[in-house]
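*Asks:* As given, the protein sequences belong to chains A and H, one line each in that order.
First residue of the first sequence: 1, per our numbering; consecutive thereafter.
First residue of the second sequence: 1, per our numbering; consecutive thereafter.
To be clear, the hints were calculated from the coordinates, so they are not data collected in a lab.
Note that the coordinates shown come from a computational prediction; the quantities given were computed from them, not determined experimentally.
Beta carbons are placed, not taken as given, at the ideal position from N, Cα and C, and that holds for glycine.
Check the hints yourself; a few may be wrong.
[To be verified] Label-pair distances were calculated between CB atoms; the ranges are:
no. : chain 1 : residue 1 : chain 2 : residue 2 : range
1   : H       : S21       : A       : S57       : 43 to 51 Å
2   : A       : N203      : H       : E5        : 18 to 26 Å
3   : H       : A39       : A       : S57       : 16 to 24 Å
4   : A       : A249      : H       : G54       : 51 to 59 Å
[To be verified] Calculated lysine to any residue pairs in the SDA-like style (CA-CA distance at most 20 Å, straight line):
no. : chain 1 : residue 1 : chain 2 : residue 2
5   : A       : K26       : A       : D142
6   : H       : K46       : A       : S211
7   : H       : K46       : A       : P210
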Amino acid sequence: MAGAKEIRSKIKSVKNTQKITRAMEKVAISKMRRAQVRMTEARPYAEKIRRTIAHLSQANTEITHPFMADRPVKRVGVLVVSTDRGLCGGLNTNLFRQLTRSIREWRDAGVEAEYAVIGNKGLSFFRRVGGKVVAQNSNLGDKPHLDQLLGAIKVLTDAYREGRIDRLYLASTQFINTMTQRPGVRQVLPVQPDAGVQKLADNWDYLYEPSASELLDTVLQRYVESQVYQAVVENVASEQSARMVAMKAATDNAGKIINGLQLAYNKARQASITKELAEIVGGAAAV
Amino acid sequence: MATIEIDIVSAEGQIHHGQASMVFAPAELGEVGISPRHAPLLTRLKPGAVRVKGSDGVEQAFFVGGGILEVQPHLVTVLADTAIRAKDCDEALATEAKRRAEEKLSNAKSDVDLAKAQAELMQAAALAEFLTKIKKSTH
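Only chain A is shown next, with the shape it has when bound in the complex:
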């Protein structure tokens, strides 16, 4: 019976694990719904500011803001948006793989890079592979707020203004749907306006109050912030749905293991009963 007892305790431990993964799945489902709502709420602002930027790029401005001017690339800044916690499938791993590819490309081109990191996982990634981390912010929770991000963003935009970096990238996971999240490294600065915006009249410029340079600065700073905020909110939604999928798979796997173990246990029990019976019958026959 020793074998049967061992199997029984094993079943119990797998069942406990299954309980945990199932609970995590349920939590992720409800958090995911809320995160998706927040994501759709953040979208109008991002769209409208992108439209304003597109209008701006058509205006005949008297000054060209550095945020809109391309310059030769010697150094780049990357803002990496990762999750704070693990157990969310390959979400962070996929992002870091994508990022590593970009890092290699930059290194081959002789371009240096510096990073601002959001999320604990990104931090431990850079601790492992090395890299110049100039700002970091983690433990934003499920409801990230813009003012939590401002610091990290400002470090990079200031670096861009001072000419320490010539391009600003955003490495983050895009939420496509519950099953699909796509990691990517996208350029934020200099601004690349959308092509698909309504063409306005030729040769016009805004009236600026107070001054053009100050206003462009504000608008473009807000633009970067909204892009990053959108990325962070999407990252939360991606994290929750990836966790939901991963935990569902884990729960299913635990179920399969339990079934296998149950079968082995039943067999062992049956074998021991048969053996006992054979012994009794054998003993009775001997008398």
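Based on the hints, put chain H in the right spot on chain A.
*Replies:* Then chain H, alone, in the frame of chain A:
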């Protein structure tokens, strides 16, 4: 009657979208009134009320805690701020993020708090004024 499209959005959601015959906004250098076919304008907003006069003459008011106003002849966009903003507050947040990168633990953030409190106070005062105005108009 000619109308102009109005969008009021903040980072945490769409606040208003519709057609208007006139829009009033608290620009940094004084309140501006915008009718359809206004010249393109770009300006910063102070905390205060954005009033939208619909094509039926009904006026709606929205509180914004500052932001950006973009005007095109056919379109008004209000990009409202939600975060409490102040120039020195951003500055302090930046240094803090830097510091965190260096030492990875933080407790003291008094300089952030001060700047934030000042900006919060300004917004709160504007909000209070906005609310009293609304109260008066309903009485």
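*Asks:* Each hint: holds or not?
*Replies:* Going through the hints against the structure:
no. : hint                        : in the structure
1   : H:S21 to A:S57: 43 to 51 Å  : 30 Å, violated
2   : A:N203 to H:E5: 18 to 26 Å  : 23 Å, holds
3   : H:A39 to A:S57: 16 to 24 Å  : 19 Å, holds
4   : A:A249 to H:G54: 51 to 59 Å : 52 Å, holds
5   : A:K26 to A:D142             : 15 Å, holds
6   : H:K46 to A:S211             : 16 Å, holds
7   : H:K46 to A:P210             : 13 Å, holds
Consistency note: the structure conflicts with earlier hint 1 alone.
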